[in-house]
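Q: Each chain, letter by letter, is given below.
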Amino acid sequence: MTGLPEGCDLFTPGHRACGGCGPALAARLLLKATGENVIVVNSTGCMEVFSTPYPETTWGVPWIHSLFENAAAVASGIEASLKKQGRSEKVVCICGDGATFDIGMLCISGAFERGHDITYVCYDNEAYMNTGIQRSGATPYAASTTTSPAGAFSPGNVRPKKDMPAILAAHGAPYVATASIAYPADFEKKVRRAINTPGPCYVQVHTPCCTGWGFESGETINMAKLAIETGLWVNYEMVNGVVEKAKKVKRKPVEEYLSRQKRFQHLFKPSHRDDLIAEIQKIADANAERFGTDIKPKEPIE
Amino acid sequence: MLEIMEGSHAVAEIVKRCRPQVIAAYPITPQTHIVEALAQMVADCELDADYITVESEFSALSACLGASAAGSRVYSATTSQGLALMFEVCFNVAGLRQPIVMTIANRSLGAPLSIWNDQQDSISLRDSGWLQVYAEDNQEAVDLHMIAYRVCEDHDVLLPAFVCFDGYVLTHTYEPVSIPTQEEVDAYLPAFNPYQRLDASNPLSFGMYATPDYYMEFRYEIDQAQHRAKEVFAKAGREFAEQFERDYSAPVEGYRLEDADTAILAMGSICGTVKDAIDEMRDAGKKVGLLKIRMFRPFPADEIADALKGVSTVAVLDRNISLGSGGAVGTEVKAALSGSGTAVYDYIVALGGRDIRKKDIAEIVDLAEEGRGDMFYGLRTEVL
Chain A
1 MTGLPEGCDL FTPGHRACGG CGPALAARLL LKATGENVIV VNSTGCMEVF STPYPETTWG
61 VPWIHSLFEN AAAVASGIEA SLKKQGRSEK VVCICGDGAT FDIGMLCISG AFERGHDITY
121 VCYDNEAYMN TGIQRSGATP YAASTTTSPA GAFSPGNVRP KKDMPAILAA HGAPYVATAS
181 IAYPADFEKK VRRAINTPGP CYVQVHTPCC TGWGFESGET INMAKLAIET GLWVNYEMVN
241 GVVEKAKKVK RKPVEEYLSR QKRFQHLFKP SHRDDLIAEI QKIADANAER FGTDIKPKEP
301 IE
Chain D
1 MLEIMEGSHA VAEIVKRCRP QVIAAYPITP QTHIVEALAQ MVADCELDAD YITVESEFSA
61 LSACLGASAA GSRVYSATTS QGLALMFEVC FNVAGLRQPI VMTIANRSLG APLSIWNDQQ
121 DSISLRDSGW LQVYAEDNQE AVDLHMIAYR VCEDHDVLLP AFVCFDGYVL THTYEPVSIP
181 TQEEVDAYLP AFNPYQRLDA SNPLSFGMYA TPDYYMEFRY EIDQAQHRAK EVFAKAGREF
241 AEQFERDYSA PVEGYRLEDA DTAILAMGSI CGTVKDAIDE MRDAGKKVGL LKIRMFRPFP
301 ADEIADALKG VSTVAVLDRN ISLGSGGAVG TEVKAALSGS GTAVYDYIVA LGGRDIRKKD
361 IAEIVDLAEE GRGDMFYGLR TEVL
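As given, the protein sequences belong to chains A and D, one line each in that order.
Each residue of the first sequence is one higher than the one before, starting from 1 at the first, in our numbering.
Each residue of the second sequence is one higher than the one before, starting from 1 at the first, in our numbering.
If you're looking for bench data, these hints aren't it; they were derived computationally from the structure.
Everything hinted at is true.
Some chain D residues close to chain A (C-beta under 8 Å, calculated; not the full set):
| id | residue |
| --- | --- |
| 1 | V22 |
| 2 | S62 |
| 3 | G66 |
| 4 | A67 |
| 5 | V89 |
| 6 | N92 |
| 7 | D199 |
| 8 | A200 |
| 9 | Y214 |
Glycine is no exception: its CB is placed at the ideal position from the N, C-alpha and C atoms.
I would like the entire structure built from these sequences, with the hints used as guidance.
A: Printed below as a string of structure tokens:
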């Protein structure tokens with residue numbers, strides 16, 4: 001029905017994203033998971049801008065962008081309308097971390113509390129990238145951004161990442177999951193589970209941004225993988241507020257992830273900031289502890 | 001059949017008969033009686049709508065936008081601070097050409113906090129692309145809702161509308177009103193036929209961004225649609241008059257204006273007081289009339305100029321103030337009459353629920369005839 005050539009992705013080629021864009025890959029995987037019977041609500045941000053310069057659109061499914069902060073409210077209205085019309089499309093929001101963790105929080109909280117049958121996907125690239133890499137509530141500790149620059153008296157971003165999945169689980173969301181573009185099949189499976197679970201569901205997908213984080217565009221997937229392998233990102237599912245599955249890893253030291261990104265270069269040059277790296281290692285250790293993700297070495301046989 | 005009914009309940013009754021499929025609203029004084037009545041109608045299955053109890057006015061209008069884009073007729077109501085919170089969404093709704101009808105129970109804007117009536121709220125949204133009509137009484141408020149849906153949903157218009165009626169003065173006042181029956185409303189207002197909608201069988205992109213190569217044309221088209229709305233409103237008003245014998249087809253309406261030397265221009269419920277004042281002044285031999293402005297957007301500049309031909313002095317009663325400039329209505333009336341030789345004086349009156357009486361109207365006429373105007377009227381003397 002979409003008029004797209006056979007075999008063409010619903011998120012079609014030709015958009016204006018940077019080479020190696022993590023969010024663009026997330027959008028493509030998202031539509032592979034949803035199929036055609038979906039209405040997408042997109043917040044203002046990189047994805048909206050690189051995918052819909054009038055009169056061209058990348059989206060092979062019905063798509064609406066209203067404002068930066070109201071995707072969840074717009075989705076609430078769409079869902080209500082479809083229900084009254086007896087229509088079957090699924091309603092999916094796709095919004096960046098700034099639109100989700102910060103400015104859109106009110107609308108998301110309202111939509112989740114009211115229990116609309118929507119799926120909200122946050123593509124988390126850990127800062128406001130579209131406006132030039134400013135910190136958001138999703139920016140990790142010690143990341144240098146243009147509004148949390150590292151300096152003589154600043155380690156970069158001074159606060160840890162806000163725990164959005166827990167906040168939405170606390171709203172009574174039946175299904176909350178985190179995912180990563182490094183594990184596409186897992187992300188698609190989680191999206192399918194979310195759209196097929198009645199009620200408001202949340203999927204937060206880690207989408208490294210080569211431009212904002214400062215790494216080579218060919219390294220996007222490796223960077224996403226390293227986030228998981230160091231324990232700084234955990235892929236898990238929460239069903240009715242209880243963590244059911246978390247991806248286990250044989251953890252690497254966080255330095256292996258940090259040292260490859262410009263946003264953390266101040267931890268290594270001009271001096272090696274063991275103190276700050278130790279703080280970040282503690283975050284990874286706490287994640288592993290909380291979600292039980294460490295693969296323990298086998299006990300030696302006596 | 002006339003019934004004695006509170007203004008808010010009368011509006012809720014007509015909204016029900018307009019059959020919105022989705023209602024999203026957030027409580028704010030003095031709009032609450034409307035949305036409470038609608039909630040009860042939904043609870044009692046009198047109205048087959050999904051009622052979204054949003055967490056803010058910002059989400060109320062955002063949810064209406066989504067529902068409208070998905071193909072449903074929608075409704076909301078707000079006022080004052082609530083409308084201010086919707087500011088960003090208002091521009092977006094008009095830009096996305098969604099024919100949403102929203103009642104504004106006109107109220108002043110803080111600070112200082114005031115729950116009382118003036119028209120600062122809707123007037124402050126005059127550049128947003130929404131059509132704006134103002135009711136003088138509750139019958140007109142009821143009827144304008146039906147006409148507004150007809151006009152907004154017309155494919156030559158596709159714009160949203162505020163139906164404005166004064167907070168408390170109308171919303172909380174019991175008046176005799178005739179509420180058209182469901183059959184009569186159905187005969188006048190056809191089912192919603194969206195021009196385009198979000199639909200998986202025909203995937204379209206709504207709300208794309210426009211580069212400098214395209215942006216201006218979108219704004220031009222909204223402006224053109226505003227101007228077309230005047231004719232569509234006139235036609236919808238004439239058809240309404242044929243069916244219901246109440247005529248709102250004109251964007252402005254004269255009262256004892258034929259041989260008037262001085263005209264008062266006003267909008268909303270204040271027109272009732274002005275008419276009484278004019279009757280008394282006429283009895284005393286003064287040639288005074290009223291030009292009531294029903295439609296503020298699109299602004300009926302030509303109709304105002306036409307109606308005021310032969311009038312030498314005009315006193316505009318503005319229940320709003322564009323701080324640092326003047327009353328919004330007065331400013332536009334001056335532009336409409338520029339070069340005509342008619343003297344136009346603006347009076348900022350009755351802000352924040354300040355009462356205005358017949359003797360005040362008479363005094364304003366005297367001031368205008370003496371050439372004294374462009375002023376706040378009725379201030380406490382200690383600030384002067």
